[in-house]
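> What follows is the residue order along each chain.
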Amino acid sequence: MELKNQKWPADEFFSRRREVLAAWPTGREVDLDEAVAYHRRAGAGRSMAALLDQARTSGRTLAQPRAGVALLLDQIELLRYLAAEGEADCLPATIDSYTRQNRYAEAQAGIEESRAAGRSMLNGFPAVNYGVAACRRVVEAVDVPVQVRHGTPDARLLAEITLAGGFTSFEGGGISYNIPYAKDVPLEKSIADWQYVDRLAGWYLEHGVTINREFFGPLTGTLVPPGISHAVGVIEALLAAEQGVKNVTLGYGQCGNLIQDVAAMLTLPRLAEDYLERCGYRGVTVTTVLHQWMGGFPADESKAFGVIAWGAATAALAGADKVIVKTPHEAVGVPGKEANAAGIKATKQVLNMLRDQFMPPTPELTEEIAVIRAETTAIVDKTLDLGDGDVALGTVRAFKAGVIDVPFAPSRFNAGRLLPARDNRGAVRLLEPANLPFDRALLDFHRERLAERGRVENREPGFQMVIDDIYAIGKGMLVGRPR
Amino acid sequence: MELKNQKWPADEFFSRRREVLAAWPTGREVDLDEAVAYHRRAGAGRSMAALLDQARTSGRTLAQPRAGVALLLDQIELLRYLAAEGEADCLPATIDSYTRQNRYAEAQAGIEESRAAGRSMLNGFPAVNYGVAACRRVVEAVDVPVQVRHGTPDARLLAEITLAGGFTSFEGGGISYNIPYAKDVPLEKSIADWQYVDRLAGWYLEHGVTINREFFGPLTGTLVPPGISHAVGVIEALLAAEQGVKNVTLGYGQCGNLIQDVAAMLTLPRLAEDYLERCGYRGVTVTTVLHQWMGGFPADESKAFGVIAWGAATAALAGADKVIVKTPHEAVGVPGKEANAAGIKATKQVLNMLRDQFMPPTPELTEEIAVIRAETTAIVDKTLDLGDGDVALGTVRAFKAGVIDVPFAPSRFNAGRLLPARDNRGAVRLLEPANLPFDRALLDFHRERLAERGRVENREPGFQMVIDDIYAIGKGMLVGRPR
Amino acid sequence: MTEEKTVVLGVIGADVHAVGNRILAYALAQAGFKVANIGVLATREEFINAALETDAAAIWVSSLYGHGELDCRGLRDQAAEAGLERILMYVGGNLVVGKQDWAGVEKRFKDMGFDRVYPPGTMPGRAIADLMRDLGLVNEVD
Amino acid sequence: MTEEKTVVLGVIGADVHAVGNRILAYALAQAGFKVANIGVLATREEFINAALETDAAAIWVSSLYGHGELDCRGLRDQAAEAGLERILMYVGGNLVVGKQDWAGVEKRFKDMGFDRVYPPGTMPGRAIADLMRDLGLVNEVD
Ligand code: B12
Ligand code: B12
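Sequence order for the protein chains is A, B, C and D. The numbering of the first sequence is numbering that gives the first Met the number 0, which starts it at 0 and goes up by one. The numbering of the second sequence is numbering that gives the first Met the number 0, which starts it at 0 and goes up by one. The numbering of the third sequence is numbering that gives the first Met the number 0, which starts it at 0 and goes up by one. The numbering of the fourth sequence is numbering that gives the first Met the number 0, which starts it at 0 and goes up by one.
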């Protein structure tokens, strides 16, 4: 089947399904009708879509950790602890990296080694290996909705098993879970595989079960300018909507400059809604999630708390519907449950204290909003152009042309020519815009902002500046000033 | 001598000095000329005034902890640790509560019990008991300026010993170290005793040694509306300037609403400079300090980090010259050195990340600025009126009349009729303005803001709201909403 | 219900923390007690005199600032000497300097003769419930 | 000075963390080394083949994502089998899952045959200095 942005016909979907479910023995456990009945019995209390809706209408920001370990009982205990002691508003199962690469045999070995070692040797929860019934035990262990978080280019089997397993939200997309998470996976393949996932979510919806679909906004987590991640988010929303998804959450990784971050969070749902509407998708509910700083963290735990709390403050002031929480162990390793709860509690304290506060409009904010809108629109419009109106095809071509280019991405299907750097106030700008389809005004804006920093630091903007910025937050700064 | 705002003549000062120094044996160690020579040798690296100046001109915010223990060597180790591991920009010796009440015999017992118990039984460093030479060992142990922080209505001997002991900054004032810190000390007495301290600082200045004088902005630390603490700060600055002080730092305790706090920090130095100028004091350098939330803290350490980091963010966005740092142990007890360093590190991470960011002007901010200016001006002008132009006399009368009224203060010389509460966005307003000399517009403003909250919470603003607000931050909120 | 029992309330030693004291007084009054509030910077003698004067059923000592261990010693003996052998004595606040093991702190204050010892951040309601029980004002079973 | 020695650089296993790899490559090149960068998602075989092809002096393995312990086993033996008995092998990153005692982690990786093991957040300069020493490119005394 050739890639195009078109709702999969049922026969196509169901014939693919057979292959997908055959890829690992647990695939046999999936029974869609039984799964729908299960979700209906579980009710709204388990629904991420319902919770997000409630957060959005009440102006609250939900706090969600990452959390995944190799062993089932440990996963259950972990989630219970994060709900009770950590006060998490919603929870995840974060999937391990072997599963993400569809290496289920290695994941199995990891489970067994973990049992032997008495500690998790995997960096996440291998849901496929455990299967549907085990997933339901995880989901039922807590009173709040649970989401699947991962980074899987081909997540078809994972989606089948976890959605049948009672999870009500599924993160990822054909771009955001490929370009930062893979080296050799063609976009044609990952987009098609995620059309499958979206079609599956759409199927659930058609049978009365709303699955929330979240796209991974932070991409590589490292100095990604908002215009780029917004464009990817909008495209993934369009792709999902075509397959019948009606509940989407768009994400953004905090960059660190308050004005830029607030502008990013304010523009994100508006842009998505505009494009959904323009492309004829009606009745899609759009919510937002801010990821606390996704790049390198300081190793010192107190300093990490500083970064975490600033992310929480940004989420609150920007009115994010949800915030993904980092932990004081971020620079070192997957957090234990205490460190994980610590991150959530610090976050919630700040969210609650700022619950009734917001960032008032200012000329600086208005300018930043205009820039982000212009950038995103330029990229998405050009992508649609390149695909002759087909966003799936257009995306493949846009990446080839460097019209979308994600900094520091490992994928060879990403041009990788773009270089970001912070300006003098810490906003992320483009040092090397490479082939982004920006007009002169936008390009001048970026150049001038970086030139300003260069003048202050008395150096030419260049790769050393980029390196300094990559290390900066880890070393207790935002802008990587020369020493 | 009757109280008036007039520079003490030398003979008056020196005859008082004899009594002061005779109050405890270590008083004999003070030799002013030798002390001046000592300060000159020590140089600018030890000068708090020089450091603050540098912070102000470079737009940086200094981080300073509280720190005081009973035993000398422990105090030295503590400060060294907070400089090296905690990365503190300047340091304090926080004085114990017996010394603050001039109970030197009890402080001595506390030192001895601490030696016996092997842990500090005092909540601070009893500098008077240790004397001049020991103070110099403390000051010399670190490379950064060290300040005396306390809460002493009669701090004359403490000032003599610590300033001769090489400290270059001294906190307190005749109002701010009486009303929140005493029950039975008449303002006539505390103001006169602080005129002595200011005269002493003035004397040092006349001999080439700048002593920075900081006033204790937070007062009772509990829902003090900025107009009140600003008025006290301005008055203390005027009183100090009259005695020849030329380097003052005005303080403010974070209330928690960003806009209100930024407005408070922006107005504070402007108001002080305006009044100093208007009253004829030239060449006084004014800097500012923000205290991270001074009321009840959450017991959970992660949540405490959230409060700390939000205070740091506020200080940075408001452009404070210095921030006084809380610790994750705040709700429980005087922090050990690790907890203390942790608070500083979290703070510095945020300060550094926000160093190049600021809160842009907005209509909300402009309104808040106007309110704080109007309130402060109303109180200070009425105080000057009441004193027939003499601010010292006026202050005594203003407190008697409730023209200045500090919420929750223990002093019986404070009217104690005023009640503050948060509005719907968490800004601190007046529920019961009692006798504050506010015009109708200001009173309406406060009433309307609280009525708005009342409508949202569906209850009449009243004392239960005040109690809820007192507990709120400790329970993870800013506004004490009904459960 | 409380038969207008009186509680003497104060903050001992050189301690000026006034906020908790204000709230405790309000909460006790709301619960129907008479409150003899001697406020902050209260000496042991002031506690005892107030208890004698008001024929109090209990003394509630607050100490927030860390010197509680030094300030509270001898209070029980002085009370006994004054003829207040059976008066209830509670203490609460931030009783010692720093974050210490609570069991140890509680024991030290119980050894000083306090009937109940409360950790930092205790909500008034909890102690008032204890007081009603200790005074036999509520049925133990419910 | 470095006589154009080659270092094979890559991120092992199912690991896609690309940022550190990019910076290490840049830093090694700046220090005068030739870099054979096999990038992320690198298998043990790819490391060994690259080392053979480029006659490399050292292999630098990165593992950030936590599975390093599972992925690195056998690399030393496979290298020996391929005739690379004496090649230097360094490993660095976030080698294990979670925050673990560093001495234990270091020992486990040394036991696997790595010559040097670096904790999270190691700056490239430090390891490059070690490499120059191990390759005899600098005088031990300075
Ligand atoms: C950015 C990031 C990501 C990005 C990566 C984008 C990309 N493709 O590059 C995204 C968001 C995609 C991501 C995904 C994941 N990540 Co990640 N990620 C990070 C993060 C925040 C920063 C990494 C980074 O770029 N640092 C900056 C660079 C310059 O530093 P560096 O990578 O540490 O490398 C330097 C040194 O370590 C050293 N070094 C490295 N290797 C070697 C080798 C030698 C020989 C020497 C001498 C030195 C050396 O030199 C380098 C240059 O200075 C770290 C945590 C942190 N450090 O703060 C987590 C972290 C590495 N990620 C982690 C995990 C678990 C994951 C995920 C599984 C998702 C999850 N559960 O959260 C997936 C895994 C995907 C996969 N299959 O690999 C964990 C690993 C946990 C562990 N070891 O216990 C970390 C530590 C976070 C955590 N505490 O949980 N991640
Ligand atoms: C506000 C405050 C101040 C204000 C007080 C203003 C005033 N006059 O009231 C100011 C700024 C002036 C101040 C000064 C000082 N403070 Co102070 N202060 C606080 C703070 C932040 C909040 C106290 C408060 O008002 N809480 C709200 C009220 C409602 O709660 P509460 O006081 O805890 O009381 C409740 C319960 O404890 C309980 N309770 C109290 N007593 C009793 C008794 C009984 C019988 C029962 C059943 C219950 C009970 O019920 C109360 C009502 O709910 C606390 C730390 C915290 N808790 O977060 C530090 C704290 C109490 N202060 C402390 C110290 C050391 C000082 C100073 C020495 C300065 C310094 N080194 O920092 C001076 C001392 C002055 C003096 N001579 O007493 C320490 C005490 C340390 C210790 N015990 O180890 C604390 C814990 C901070 C810290 N971690 O260092 N402080």
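FYI, nobody ran anything at the bench for these hints, they're computed from the structure. Positions of the beta carbon are idealized from the N, C-alpha and C atoms, including for glycine. Among these hints, one or two may not hold up.
Unchecked claim - Where chain D lies over chain A, by a calculated footprint (3+ residues, C-beta under 8 Å):
no.: 1; stretch: 4-16
no.: 2; stretch: 96-104
no.: 3; stretch: 108-115
no.: 4; stretch: 358-365
no.: 5; stretch: 370-377
no.: 6; stretch: 456-470
To be verified - In silico BS3-like cross-links for lysine-lysine, where the CA-CA straight-line distance does not exceed 27 Å:
no.: 7; chain 1: C; residue 1: Lys33; chain 2: B; residue 2: Lys336
no.: 8; chain 1: C; residue 1: Lys98; chain 2: D; residue 2: Lys106
no.: 9; chain 1: C; residue 1: Lys4; chain 2: B; residue 2: Lys474
no.: 10; chain 1: C; residue 1: Lys98; chain 2: B; residue 2: Lys336
no.: 11; chain 1: A; residue 1: Lys336; chain 2: D; residue 2: Lys33
no.: 12; chain 1: B; residue 1: Lys182; chain 2: C; residue 2: Lys106
no.: 13; chain 1: B; residue 1: Lys474; chain 2: A; residue 2: Lys336
no.: 14; chain 1: A; residue 1: Lys474; chain 2: A; residue 2: Lys336
no.: 15; chain 1: B; residue 1: Lys3; chain 2: A; residue 2: Lys474
no.: 16; chain 1: D; residue 1: Lys33; chain 2: B; residue 2: Lys336
no.: 17; chain 1: B; residue 1: Lys399; chain 2: B; residue 2: Lys3
no.: 18; chain 1: C; residue 1: Lys33; chain 2: A; residue 2: Lys336
no.: 19; chain 1: A; residue 1: Lys336; chain 2: B; residue 2: Lys3
no.: 20; chain 1: A; residue 1: Lys188; chain 2: A; residue 2: Lys336
> Next, verify each hint and record whether it holds.
We went through each hint and held it up to the structure:
1. 4-16: Answer violated; 0 residues pass the 8 Å Cβ test.
2. 96-104: Held - the stretch 96-104 of chain A has 5 residues with a Cβ nearer than 8 Å to chain D, which meets the minimum of three.
3. 108-115: holds (count 3)
4. 358-365: violated (count 0)
5. 370-377: violated (count 0)
6. 456-470: holds (count 3)
7. C:Lys33 x B:Lys336: violated, 43 Å
8. C:Lys98 x D:Lys106: Violated, at roughly 37 Å.
9. C:Lys4 x B:Lys474: violated, 31 Å
10. C:Lys98 x B:Lys336: Holds, at about 12 Å.
11. A:Lys336 x D:Lys33: violated, 43 Å
12. B:Lys182 x C:Lys106: violated, 31 Å
13. B:Lys474 x A:Lys336: holds, 22 Å
14. A:Lys474 x A:Lys336: holds, 25 Å
15. B:Lys3 x A:Lys474: violated, 53 Å
16. D:Lys33 x B:Lys336: Violated. Lys33 (chain D) to Lys336 (chain B) sits at ~48 Å, over the 27 Å cutoff.
17. B:Lys399 x B:Lys3: holds, 17 Å
18. C:Lys33 x A:Lys336: Violated. Lys33 (chain C) to Lys336 (chain A) sits at ~48 Å, over the 27 Å cutoff.
19. A:Lys336 x B:Lys3: violated, 62 Å
20. A:Lys188 x A:Lys336: violated, 36 Å
Hints 1, 4, 5, 7, 8, 9, 11, 12, 15, 16, 18, 19, 20, counting from the list given before, are not met by this structure.
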